[in-house]
Amino acid sequence: MFSGEQVAGLLKELGVTHVITVPDSTIGRWEAAIEQSGSVRLVRVCREGEAWQVAAGLHLGGATPLVMIQCTGLFESGDALRNVLHDWKLPVFAIIGYRSYLDQAKLPGDTCLVFTEPVLDAWRIDYRLITSPSQLDVIRGHYLDCRDSGRAGAALIAE
Amino acid sequence: MTTAPIAPNSEARMPLVPALETLRRARRDDEVVITTMGSAREWMKFGAPHALDIILVPSSMGHGTSIGLGLALARPDRRIIVCSGDGSLLMNLGSLASIVAAKVPNLVVLVFDNGVYEVTGQQPTAAASSGRADGRAADFPGIARACGFDSVHRFTDAAEWAANARNVLDAAGPTFVALHVAPVVGGIAPHSPGPAPARAQAFRKALGASSRAPARDLP
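The listed protein sequences correspond, in order, to chains A and B. Anchor point for the first sequence: position 43 equals 43 in the working numbering, and the numbering is continuous, going up by one each time. Anchor point for the second sequence: position 13 equals 13 in the working numbering, and the numbering is continuous, going up by one each time.
Derived from the structure by calculation, the hints contain no laboratory data. Because the structure is a prediction, the values reported are computed rather than measured. One or more of the hints may lead you astray.
Derived, one-sided and incomplete: chain A residues facing chain B with beta-carbon distance under 7 Å [as the list claims (entries may be wrong)]:
no.: 1; residue: Val43
no.: 2; residue: Cys46
no.: 3; residue: Asn83
Covered, in the sense of this in silico footprint (three residues per stretch, anywhere, with C-beta under 8 Å from a C-beta of chain A), are these stretches of chain B [stated by the list, open to error]:
no.: 4; region: 55-61
no.: 5; region: 65-73
no.: 6; region: 88-98
Cβ-Cβ distance ranges computed for the label pairs, FRET-style [claimed, not checked]:
no.: 7; chain 1: A; residue 1: Gly78; chain 2: B; residue 2: Gly47; range: 31 to 37 Å
no.: 8; chain 1: B; residue 1: Arg24; chain 2: A; residue 2: Leu102; range: 51 to 57 Å
no.: 9; chain 1: B; residue 1: Ala146; chain 2: A; residue 2: Ala105; range: 51 to 57 Å
no.: 10; chain 1: B; residue 1: Ala189; chain 2: A; residue 2: Arg29; range: 41 to 47 Å
no.: 11; chain 1: B; residue 1: Gly47; chain 2: A; residue 2: Glu117; range: 43 to 49 Å
no.: 12; chain 1: A; residue 1: Arg44; chain 2: B; residue 2: Asp30; range: 50 to 56 Å
Note that the Cβ used here is the ideal one computed from N, Cα and C, for glycine as well.
Bound-form chain A, shown alone (with noise of 0.2 Å):
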């Protein structure tokens, strides 16, 4: 979908500081490119829900966090997400990996492709759906809107 370096290219120019991330077989590739950028920090956490708090730590002190996880560790993250997006109403941004839904062929009847979208919707995140190389510009763009307006969102990378 994207090379690490457009990945890293667009994080620094929309000020991310640290990327917190578990990751898995796309947004994995990207790590080294936001590595070498040198603006932006990794950092390494155990398991997706703990992602989100850390980025809540990184908002309270200043910095300017993103998530970057697959779908799978959405749906494991669901009570951090209810308490840093919904109690706290902390203005998180994540980047989320969709497996299973580019090539069904390696895991035929993934039910991530049934759960995904639901469960952000349950969440009440508001997302975008990236499904070609030509949209990176609506992740700038809903970075930008989510960011400007004080609330939470995500970029859904179709895998």
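Place chain B on chain A using the hints.
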């Protein structure tokens, strides 16, 4: 200060409130203190909160250490002190590995280990001697050491904790401190001290963190 291992299932325990009073006395004015569950409940009884207190109520149980990690990364100029419980820490043990991975010398994790889920009626945790088939308690300082914490401490006595607290807080971190405390009889879940979004904004202001836009409700 007890840095040498003692029996993890030692029953020696200090009362919770004096342990927190020690922290309150030792805490410097520019230090952030995050309290959760039982520690939040008792901390609020001490009076008006400090501007750099985060009373993590409501919470996602166990995530105080993760919020502390984020704050420590954002503000390396500040010491961040997280008060967790043993039940809470068990829900987010991986955060100890994340903390060490991030190399945050300004983060202190205090674990008030009472061996039970206090606010739900004092059921034993899976780490407590009374909650395990073999009767051997899990060794939290040992877990922290194994994750890579170099500054690890354990206290079972209130006077010993009081005598060493400031030195422990000042150590190059990340620092892990297990405080063996007695469960509070009848201890209930803490009440929220007020709307969380407003407290978040006030905290950011007190910390000097800029705010681009006020937090807004999701649809």
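Check whether three or more residues of the region 55-61 of chain B sit with their beta carbon closer than 8 Å to a beta carbon of chain A. Our answer is that it holds, as 4 residues pass the Cβ test (under 8 Å) against chain A, meeting three.
So is the region 65-73 of chain B in contact with chain A by the C-beta rule, three or more residues under 8 Å, or is the coverage claim wrong? Answer holds; 8 residues pass the 8 Å Cβ test.
So the hint says 43 to 49 Å: do the beta-carbon atoms of glycine 47/B and glutamate 117/A match that? holds, 48 Å
Coverage criterion applied to the region 88-98 of chain B (partner chain A; beta-carbon cut 8 Å; 3 residues): holds (count 5)
Let's test the interface hint: is any C-beta of chain B closer than 7 Å to that of cysteine 46/A? holds, 3 Å
Measuring from beta carbon to beta carbon, are arginine 24/B and leucine 102/A in 51 to 57 Å? holds, 55 Å
Take a look at whether the Cβ-Cβ distance between glycine 78/A and glycine 47/B falls inside 31 to 37 Å. holds, 35 Å
Does the beta carbon distance between arginine 44/A and aspartate 30/B stay inside 50 to 56 Å, or does it fall outside? At 29 Å between Cβs, range violated.
Restraint: valine 43/A near chain B, CB-CB cut 7 Å. Satisfied or not? holds, 6 Å
Range hint 51 to 57 Å: satisfied by the CB atoms of alanine 146/B and alanine 105/A? Given range 51 to 57 Å: violated, Cβ gap about 41 Å.
Would the stated hint for asparagine 83/A survive a check requiring a Cβ distance to chain B of less than 7 Å? OK, holds: asparagine 83/A within 7 Å of chain B, min 4 Å.
Does the Cβ-Cβ separation between alanine 189/B and arginine 29/A fall within 41 to 47 Å? holds, 43 Å
Consistency note: the structure conflicts with the earlier hints numbered 9, 12.
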